[in-house]
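Residue strings, one per chain:
There are 2 protein chains.
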Amino acid sequence: MRNLLITIEYDGTNYFGWQRQADRPTVQGEIERAVSEIFGGDMAVTGASRTDRGVHAYGQIANFKTNAAIPADRVHLALNTKLPADIRVRKCVEVPEEFHARYDAKSKIYMYLVKSSREEPVFDRDRVYHTGSKLDLARMRAAKDSLVGTHDFVAFATKKGETENTERTVYGIKIFQRGEYFAFFVYGKGFLWNQVRTMVGTLHEIGRGYFEVSDAKRILESKDRTKAGPNLPPQGLYLLRVNYRLETKSISDDVRNPDFVDNSLE
Amino acid sequence: MRNLLITIEYDGTNYFGWQRQADRPTVQGEIERAVSEIFGGDMAVTGASRTDRGVHAYGQIANFKTNAAIPADRVHLALNTKLPADIRVRKCVEVPEEFHARYDAKSKIYMYLVKSSREEPVFDRDRVYHTGSKLDLARMRAAKDSLVGTHDFVAFATKKGETENTERTVYGIKIFQRGEYFAFFVYGKGFLWNQVRTMVGTLHEIGRGYFEVSDAKRILESKDRTKAGPNLPPQGLYLLRVNYRLETKSISDDVRNPDFVDNSLE
Chain L
1128 MRNLLITIEY DGTNYFGWQR QADRPTVQGE IERAVSEIFG GDMAVTGASR TDRGVHAYGQ
1188 IANFKTNAAI PADRVHLALN TKLPADIRVR KCVEVPEEFH ARYDAKSKIY MYLVKSSREE
1248 PVFDRDRVYH TGSKLDLARM RAAKDSLVGT HDFVAFATKK GETENTERTV YGIKIFQRGE
1308 YFAFFVYGKG FLWNQVRTMV GTLHEIGRGY FEVSDAKRIL ESKDRTKAGP NLPPQGLYLL
1368 RVNYRLETKS ISDDVRNPDF VDNSLE
Chain S
1128 MRNLLITIEY DGTNYFGWQR QADRPTVQGE IERAVSEIFG GDMAVTGASR TDRGVHAYGQ
1188 IANFKTNAAI PADRVHLALN TKLPADIRVR KCVEVPEEFH ARYDAKSKIY MYLVKSSREE
1248 PVFDRDRVYH TGSKLDLARM RAAKDSLVGT HDFVAFATKK GETENTERTV YGIKIFQRGE
1308 YFAFFVYGKG FLWNQVRTMV GTLHEIGRGY FEVSDAKRIL ESKDRTKAGP NLPPQGLYLL
1368 RVNYRLETKS ISDDVRNPDF VDNSLE
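Just so you know, the sequences run in chain order L and S.
For what it's worth, the working numbering labels the leading residue of the first sequence as 1128, then goes sequentially.
For what it's worth, the working numbering labels the leading residue of the second sequence as 1128, then goes sequentially.
The hints are simulated quantities; they were obtained by calculation from the structure and are not laboratory data.
You can trust all of the hints, since none of them are fake.
Intra- or inter-copy, both count: the list cannot distinguish identical chains.
With a Cα cut of at most 30 angstroms, we get these calculated BS3-like pairs of lysine-lysine:
1. K1301 / K1242
2. K1350 / K1261
3. K1261 / K1209
4. K1316 / K1350
5. K1354 / K1344
6. K1209 / K1242
7. K1261 / K1218
Only chain L is shown next, with the shape it has when bound in the complex (with noise of 0.2 angstroms):
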């Protein structure tokens, strides 16, 4: 079986997240009936990364297997041609034949975007996390290395319900500035579920002041939930690059934003 690797951007703001549901328009759920279209059959595609609802991405990865002859360099045109116009096939790699897409993941990087304005924003309603608060850089890059590192940052988690393992591992944030817009990379090993959201809004209420700076360590060791800043909204985060270590180099290295991108992150 041939194993193919796709790249995929959407706009999330009119799907119920990544993953598929019976009744419900998911990104999943459109992949698997275009791949099915092009394919035949009844194809099952797995994606890095179980976006929410109303999380955008520019680099989801996901991998399906086939037999069919399709050179991997036409694939994406053939999707495309199948999806709406919120969702797009950027690029389609063959890769060996026990890759997935979540397990083999080695890192991932999200950006979470948030307008600082008096208004409130027309054009960017649904891509934006829209504050009132004037923000102070310095405030929020003086905090954030305190959340780098591998720590339990069950203080910043949605719990399900389950005891399970809360330590994670956060590479670097960056945060930058233009204009109205801040825009927060966080780039680690795996996240809880609503951990850079919650990340996100603890450096907000230190950047407006609500919090002091030594907040955001002393909230990481109290590992109290109730501790940290809100879980801000859906819009603003935008799931932008999954690592893999692969001979196929850079397989999401297609990021929109240039402005917004440090390439020294990595």
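Starting from the known structure of chain L, fit chain S onto it as the hints suggest.
What follows is chain S alone, placed relative to chain L:
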């Protein structure tokens, strides 16, 4: 009677244009509903420009008359509580009783956004015209000034059947490039129906090498609609600003895209 002028920003994607229709959502319909809810009665609101379905605005201007005593600087906040998130009133000022948003408009600035990229955009799909062609900024800039001045612009108009005076005055055209994005600013006393979209469609043909630079002047002088480039789609068009001669200075100067605006335009 007090006469109140409002500046309106809207995402036109979900509306059948500005003008009120009995059974379809329109921007004027939403504004009139909100104004009626706040001020009581069955209020009529006059807009400066009847933007088409899918066309956006950063600075649509409208006015309405009322005896209510609500201070002008609170009106926009009140209206925004009654409006959907894709329409925001940005400002309200009191104007002389005889002021009329359409008849008194002295000039208008439209912006048309084109994205030139190999791949179709996801996040911008309702905000720009996507072209797969490479555009040569220098060629478009060399051609644009032959469309400036007082001319019969019938070659760039979509005729509505009636005979009318098709002479209009264009004060200036500016074209800027930021990476894959091209912004066309067209500043004029008034425009024929579809004139801006067809002028930009013609410059686009010049930019991608299908027309010669000298064709802009030739097409204008031909007065033949079949010679011009296509009427580009509505989602790239933005009503940016309407100018009046009022003591209330700069009523619509809070333009949102500082990167795209050339302050020397006026």
